[in-house]
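Asker: Protein chains in written order, with the working numbering: chain A, 1 to 267; chain B, 1 to 290.
Hints were generated in silico from the structure; no laboratory data involved. Among these hints, one or two may not hold up.
To list a few chain B residues with every Cβ distance to chain A over 10 Å, as calculated [stated by the list, open to error]:
hint : residue
1    : 1
2    : 2
3    : 12
4    : 122
In silico DSSO-like cross-links for lysine-lysine, where the CA-CA straight-line distance does not exceed 30 Å [what the hints assert, rightly or not]:
hint : chain 1 : residue 1 : chain 2 : residue 2
5    : B       : 135       : B       : 253
6    : B       : 129       : A       : 125
7    : B       : 246       : A       : 125
8    : A       : 96        : B       : 135
9    : B       : 144       : B       : 44
10   : B       : 135       : B       : 67
Cβ-to-Cβ under 8 Å is the rule here; a few derived chain B residues that face chain A [said to hold, decoys possible]:
hint : residue
11   : 74
12   : 88
13   : 144
The C-beta atom is built at its ideal place from N, Cα and C for all residues, glycine as well.
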Amino acid sequence: MSTVATDYTLAELCIVAAAEAFRHDGEVLATGIGVIPRLAASLAMKTFNPDLMMTDSEAFLLSEPNPLGKRPADFQQANETWMGFSRIFDNVWSGKRHAMLGPTQIDRFGQTNTSALGGTYQQPKVMMLGARGFPGNSICHANSFFVPGHNTRVFMDGECDFVSSIGYNPARLPRGRSLDDVDIRRVVTNLCVMDFGGPNHQIRLLSLHPGVTVEEVQENTAYPIAVPAEVPTTPAPTVEQLAIIAALDPHNQRAAQIADNPPGIRA
Amino acid sequence: MDKRLSARDAVAQIEDGMTVGIGGWGPRRKPMALVREILRSDVKDLTVVAYGGADVGMLCAAGKVKKLVFAFVSLDFIPLEPYFRQARQSGSIEVMEIDEGMMLLGLRAAAWGLPFIPTAVGLGTDIIKQNPDIKLVDSPYDDKEWVAMPALNLDVSLIHVDRADFRGVCQISGPDHYLDDWFARAAKTTIVSCDELVDTTFFADPARAREVFWERAATSAIVEIPGGAHPTSCNPLYGFDVAHFKAYNASAKDGGIESYLNTYLGADEAEYQRNVGGLDAIRALALPTY
Numbered sequence: 001m002s003t004v005a006t007d008y009t010l011a012e013l014c015i016v017a018a019a020e021a022f023r024h025d026g027e028v029l030a031t032g033i034g035v036i037p038r039l040a041a042s043l044a045m046k047t048f049n050p051d052l053m054m055t056d057s058e059a060f061l062l063s064e065p066n067p068l069g070k071r072p073a074d075f076q077q078a079n080e081t082w083m084g085f086s087r088i089f090d091n092v093w094s095g096k097r098h099a100m101l102g103p104t105q106i107d108r109f110g111q112t113n114t115s116a117l118g119g120t121y122q123q124p125k126v127m128m129l130g131a132r133g134f135p136g137n138s139i140c141h142a143n144s145f146f147v148p149g150h151n152t153r154v155f156m157d158g159e160c161d162f163v164s165s166i167g168y169n170p171a172r173l174p175r176g177r178s179l180d181d182v183d184i185r186r187v188v189t190n191l192c193v194m195d196f197g198g199p200n201h202q203i204r205l206l207s208l209h210p211g212v213t214v215e216e217v218q219e220n221t222a223y224p225i226a227v228p229a230e231v232p233t234t235p236a237p238t239v240e241q242l243a244i245i246a247a248l249d250p251h252n253q254r255a256a257q258i259a260d261n262p263p264g265i266r267a
Numbered sequence: 001m002d003k004r005l006s007a008r009d010a011v012a013q014i015e016d017g018m019t020v021g022i023g024g025w026g027p028r029r030k031p032m033a034l035v036r037e038i039l040r041s042d043v044k045d046l047t048v049v050a051y052g053g054a055d056v057g058m059l060c061a062a063g064k065v066k067k068l069v070f071a072f073v074s075l076d077f078i079p080l081e082p083y084f085r086q087a088r089q090s091g092s093i094e095v096m097e098i099d100e101g102m103m104l105l106g107l108r109a110a111a112w113g114l115p116f117i118p119t120a121v122g123l124g125t126d127i128i129k130q131n132p133d134i135k136l137v138d139s140p141y142d143d144k145e146w147v148a149m150p151a152l153n154l155d156v157s158l159i160h161v162d163r164a165d166f167r168g169v170c171q172i173s174g175p176d177h178y179l180d181d182w183f184a185r186a187a188k189t190t191i192v193s194c195d196e197l198v199d200t201t202f203f204a205d206p207a208r209a210r211e212v213f214w215e216r217a218a219t220s221a222i223v224e225i226p227g228g229a230h231p232t233s234c235n236p237l238y239g240f241d242v243a244h245f246k247a248y249n250a251s252a253k254d255g256g257i258e259s260y261l262n263t264y265l266g267a268d269e270a271e272y273q274r275n276v277g278g279l280d281a282i283r284a285l286a287l288p289t290y
């Protein structure tokens, strides 16, 4: 039996909500980039989807997720196979992967930007990382997003300044393909959980975190959200889940992921 | 064939306007001593192809780069590379921005003598819109359109490895050889720096032979430079230099690349290593935990 926790942080609520993205994935590589996505994928693998595969964020696949941060000198990770960067692409292109990442912009089509903001392409106002692996990820396998600060700069008006990943934009649909080939799963933020399951792949509210209103989510999103008649509250972590998260994150890196590390239930 | 050269003689093969591939990944096992030799030279107008870190940042800041082929430029623990950002935000370099996997395909096409490799990667994104030179093609086997990722033909590749012999057998014993084998194969001339020069008999052990990821015919020159990846890592020999990267990052806001180079670069690698605390200090840098 599981016991619902009453005392948890918003970060922990987000980890549990994000873990749900991997529940029905079966045997795929779960890649969580950043503390909360990585803990979410690890929690899913440790609990309801043990078939998931996971890397050590360097060059090996693990049969058991590594805890985050510095580990004891005698720690031995549970290597399963070698998985260097060149082999990662073999996995990506096979489609047997589900990545969860945190783009800087997500537009109404689910297109994302990790590269550049403002100005012109030749001379952007703010240069960021570059497209990284987003183009390939988005056309080859499932993707989810985590956004620690839900606002209209992330969920912005118009199209992304640079489109790093394909979304549900009919104008950009490659010939011979269907919008249904694009596989965006969950969008977990500090306010709510969404997906792109509304009419014509419109973004849709799935659940609100405790104390958050539909109006607050809409005010912080620059495009209309499909809102079902009944919007549930994001399920609280269980005591067992919190214990697993604490063991996976012994240095409490999760406390630094959402501004001011607020409680899961608003005061 | 004895392929040993000095860093200066090896890098002197790079001419103005050439396309140069750089192995490694972000802050990991970059041929930084060879990059520093470029910084000490007069060569210019390079097209650089890399999974970029400070190698790209330094070359951009020093005005060596005409065009950059990249998927990202990052120092990992400092996500945004400061001098790469300055170069982009001042509009001073041409770019070909592609996906990480497209770069692998481009290197493979070059290695295999193909004009392009078809892929779905890039479809529907600004990779296609901003790169008019990357064409979409019809398939003879289906009705879909595909991205024709062009060969990234390299004049020269620069790579750093743990150990090598005088004939160019190269060992990478760390956890990942990244895409270095493809950089080696995609180039007309591949210059490899090594932390240690070893006797050919070193590779008789099959476990060591399995840590050799390309044949010696793909290696053109060997340069022995202990600590030559600094400030990037050369796992398992040493980690990346966090304090040095922080100083490098700070220099972009205060003093610029001139102050960084004046402080550290020196006339040769021996002087550089004195300026950063010596080889023993480099060898003592802890490996990162991911």
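Asker: With 8 Å as the cut and Cβ atoms as the points, is residue 144 of chain B at the interface with chain A?
Answerer: At 3 Å from the nearest chain A Cβ, residue 144 of chain B passes the 8 Å test, so the hint holds.
Asker: Is the Cα-Cα distance between residue 96 of chain A and residue 135 of chain B 30 Å or less?
Answerer: Holds. Residue 96 of chain A to residue 135 of chain B sits at ~27 Å (cutoff 30 Å).
Asker: Minimum Cβ separation between residue 1 of chain B and chain A greater than 10 Å?
Answerer: 28 Å, holds
Asker: Does the claim that residue 12 of chain B lies outside the interface with chain A hold up, using a Cβ gap greater than 10 Å?
Answerer: 31 Å, holds
Asker: Hey, residue 246 of chain B versus residue 125 of chain A, does the alpha-carbon distance stay inside 30 Å?
Answerer: 23 Å, holds
Asker: Check the hint pairing residue 129 of chain B with residue 125 of chain A against an upper bound of 30 Å on the C-alpha distance.
Answerer: Roughly 19 Å separates the two Cα atoms, so the pair holds.
Asker: Please confirm whether residue 2 of chain B is truly not at the interface, meaning its C-beta sits more than 10 Å away from all C-beta atoms of chain A.
Answerer: 30 Å, holds
Asker: Keeping to a limit of 30 Å between CA atoms, is the pair of residue 135 of chain B and residue 67 of chain B held or broken?
Answerer: Roughly 19 Å between the alpha carbons, so the hint for residue 135 of chain B and residue 67 of chain B holds.
Asker: Would the least Cβ to Cβ distance between residue 122 of chain B and chain A come out above 10 Å?
Answerer: 5 Å, violated
Asker: Please check whether residue 74 of chain B passes as an interface residue: C-beta within 8 Å of a C-beta belonging to chain A.
Answerer: 6 Å, holds
Asker: Does residue 253 of chain B sit within 30 Å of residue 135 of chain B, going by the straight-line distance between their CA atoms?
Answerer: 39 Å, violated
Asker: Keeping to a limit of 30 Å between CA atoms, is the pair of residue 144 of chain B and residue 44 of chain B held or broken?
Answerer: At roughly 41 Å apart (the allowed maximum being 30 Å), residue 44 of chain B and residue 144 of chain B break the hint.
When held up to the earlier numbered hints, the structure conflicts with 4, 5, 9 and fits the remainder.
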